[in-house]
Amino acid sequence: MRLIFASISGLIFGFGLALSGMLNPSKVQGFLDIFGVWDPSLAFVMGGGIMVNAIGYYFVLKRDKPLFAEKFTLPTTTNIDKNLLIGSTIFGIGWGLAGLCPGPVISNVLLQPQDAVIFLIIMVFGLSVGRRISNQSIHSE
Amino acid sequence: MIIDLINFTPIQSFLGGALIGFAAFLLMLTKGRIMGASGILGGLITKDFKTDWLWRVFFIIGCLIGPVILITAFNYEIAYKPVASGIIFYIAAFLVGFGSAMGSGCTSGHGICGLSLLSKRSLISVITFVTAGVITVFIIKLLGGI
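Taken in sequence, the protein lines are chains A and B. For the first sequence, my numbering begins at 1 and goes up steadily by one. For the second sequence, my numbering begins at 1 and goes up steadily by one.
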């Protein structure tokens, strides 16, 4: 059952990304181009998403546990560290360069395989390198 | 500031965003997990993934099919215009993966989920990556494109 809901969640996510315009790199860049000709659409994506999810989370997290799992798995780190700042900066540069972030890349695989497949492969490689490096710096601190 | 009224899609973007938020809510309700694309992907490439990978694959399969449903069932045309190619495109792909792993999240994890949890880390992350993206695009436009 939890697997069915995981795929339904993914399905709605992919559908929402496509409807919102997030799958289109030029639209993403248009949102980041605030000093040029600015397309504020993605602020509406963020607004709509947070509005629904914040209300949803508020009620869900009052429960003892999820419907089909033993417990809620929530982030435990609270401090603002170097990895968060450097990682987010690097991510933002890549996002600005290509107009693509991880969710839309996955959802573009069937629609734009010529771009999305190679991007996904290199991105996953980047993920594994990033994980290794940030784990090391946590241990060395 | 000049608003791009030709490409502005407030209604579709808001509805799409609301659906993304609902998807995140649904994953928390049923599986108790944050819906972060980079985290869900990243969990597939760790050594200790043995017990925890199947739901990730199912989620990703859903992500692949979602847009296809929008096209086929609703006859919707999904625009796609690339902005980078060649070596810049590949470098960007690496930076997106590397940065979201190091920063523990991306647009969905920090943006949609973290902000909904009122996480200070996510707020700082979103401000940081949007600022970095804005500066990057500013420099690209300054150089006359890439």
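Source of the hints: derived by calculation from the structure; they are not laboratory data. The structure presented is a predicted model; accordingly, all values stated were derived computationally and were not measured. Check before you lean on any hint, since a few could be wrong.
To be verified - Reference listing, derived: stretches of chain A covered by chain B, where coverage requires no fewer than 3 residues with Cβ under 8 Å from a Cβ of chain B:
| id | region |
| --- | --- |
| 1 | 15-26 |
| 2 | 33-41 |
| 3 | 48-54 |
| 4 | 78-88 |
| 5 | 96-102 |
| 6 | 110-118 |
| 7 | 122-135 |
Unchecked claim - Pair by pair, the computed Cβ-Cβ distance ranges are:
| id | chain 1 | residue 1 | chain 2 | residue 2 | range |
| --- | --- | --- | --- | --- | --- |
| 8 | A | A69 | B | L142 | 23 to 31 Å |
| 9 | A | F59 | B | L5 | 32 to 40 Å |
| 10 | A | L74 | B | V57 | 18 to 26 Å |
| 11 | A | R63 | B | V57 | 19 to 27 Å |
| 12 | B | T72 | A | T77 | 39 to 47 Å |
| 13 | B | P82 | A | Q136 | 28 to 36 Å |
| 14 | B | G144 | A | L74 | 44 to 52 Å |
| 15 | A | R63 | B | L123 | 41 to 49 Å |
| 16 | A | I133 | B | I6 | 36 to 44 Å |
| 17 | B | L123 | A | K71 | 23 to 31 Å |
| 18 | A | L61 | B | T46 | 22 to 30 Å |
| 19 | B | E77 | A | D64 | 41 to 49 Å |
| 20 | B | G144 | A | Q114 | 19 to 27 Å |
Said to hold, decoys possible - Straight-line alpha carbon distances no greater than 20 Å define the calculated SDA-like cross-link-like pairs of lysine to any residue that follow:
| id | chain 1 | residue 1 | chain 2 | residue 2 |
| --- | --- | --- | --- | --- |
| 21 | B | K81 | A | P113 |
| 22 | B | K141 | A | S26 |
| 23 | B | K81 | A | R2 |
| 24 | A | K62 | A | N79 |
| 25 | B | K81 | B | V134 |
| 26 | A | K62 | B | F22 |
| 27 | B | K120 | A | A54 |
| 28 | B | K120 | A | I80 |
| 29 | A | K65 | B | D52 |
| 30 | A | K71 | A | R2 |
| 31 | A | K62 | B | D52 |
| 32 | B | K81 | B | V68 |
| 33 | A | K82 | B | K120 |
| 34 | A | K71 | A | L3 |
| 35 | B | K120 | A | T76 |
| 36 | B | K120 | A | T77 |
| 37 | B | K120 | A | I55 |
| 38 | B | K81 | A | W38 |
| 39 | B | K120 | A | N79 |
| 40 | A | K82 | B | I127 |
For each residue, glycine too, the CB sits at the ideal point set by N, CA and C.
Hints versus structure:
1. 15-26: Coverage by chain B holds here, the residue count being 12 at a Cβ distance below 8 Å.
2. 33-41: holds (count 9)
3. 48-54: Since three or more residues must qualify, the claim that chain B covers the region 48-54 of chain A holds, with 7 doing so at under 8 Å.
4. 78-88: holds (count 9)
5. 96-102: With 7 residues close enough to chain B, the hint holds.
6. 110-118: holds (count 5)
7. 122-135: n = 12 at 8 Å, threshold three: holds.
8. A/A69 / B/L142: 23 to 31 Å: violated (48 Å)
9. A/F59 / B/L5: 32 to 40 Å: Cβ of A/F59 to Cβ of B/L5: about 37 Å, so the range 32 to 40 Å holds.
10. A/L74 / B/V57: 18 to 26 Å: holds (22 Å)
11. A/R63 / B/V57: 19 to 27 Å: holds (26 Å)
12. B/T72 / A/T77: 39 to 47 Å: holds (41 Å)
13. B/P82 / A/Q136: 28 to 36 Å: With a Cβ separation near 34 Å, B/P82 and A/Q136 satisfy 28 to 36 Å, so the hint holds.
14. B/G144 / A/L74: 44 to 52 Å: holds (45 Å)
15. A/R63 / B/L123: 41 to 49 Å: violated (25 Å)
16. A/I133 / B/I6: 36 to 44 Å: holds (42 Å)
17. B/L123 / A/K71: 23 to 31 Å: Given about 25 Å between the Cβ atoms, the range holds.
18. A/L61 / B/T46: 22 to 30 Å: Cβ of A/L61 to Cβ of B/T46: about 26 Å, so the range 22 to 30 Å holds.
19. B/E77 / A/D64: 41 to 49 Å: holds (45 Å)
20. B/G144 / A/Q114: 19 to 27 Å: holds (25 Å)
21. B/K81 / A/P113: holds (13 Å)
22. B/K141 / A/S26: Within the cut-off at roughly 13 Å; holds.
23. B/K81 / A/R2: Violated. B/K81 to A/R2 sits at ~36 Å, over the 20 Å cutoff.
24. A/K62 / A/N79: violated (24 Å)
25. B/K81 / B/V134: The given pair, whose Cα atoms are some 19 Å apart, holds under the 20 Å limit.
26. A/K62 / B/F22: Roughly 17 Å between the alpha carbons, so the hint for A/K62 and B/F22 holds.
27. B/K120 / A/A54: holds (15 Å)
28. B/K120 / A/I80: holds (8 Å)
29. A/K65 / B/D52: Satisfied, since the Cα-Cα distance of roughly 17 Å is no more than 20 Å.
30. A/K71 / A/R2: The given pair, whose Cα atoms are some 13 Å apart, holds under the 20 Å limit.
31. A/K62 / B/D52: violated (24 Å)
32. B/K81 / B/V68: At roughly 18 Å apart (the allowed maximum being 20 Å), B/V68 and B/K81 satisfy the hint.
33. A/K82 / B/K120: holds (14 Å)
34. A/K71 / A/L3: Measuring from Cα to Cα gives roughly 16 Å; hence the hint holds.
35. B/K120 / A/T76: holds (12 Å)
36. B/K120 / A/T77: holds (10 Å)
37. B/K120 / A/I55: Holds. B/K120 to A/I55 sits at ~18 Å (cutoff 20 Å).
38. B/K81 / A/W38: holds (16 Å)
39. B/K120 / A/N79: With Cα atoms ~8 Å apart, B/K120 and A/N79 stay inside 20 Å; holds.
40. A/K82 / B/I127: holds (15 Å)
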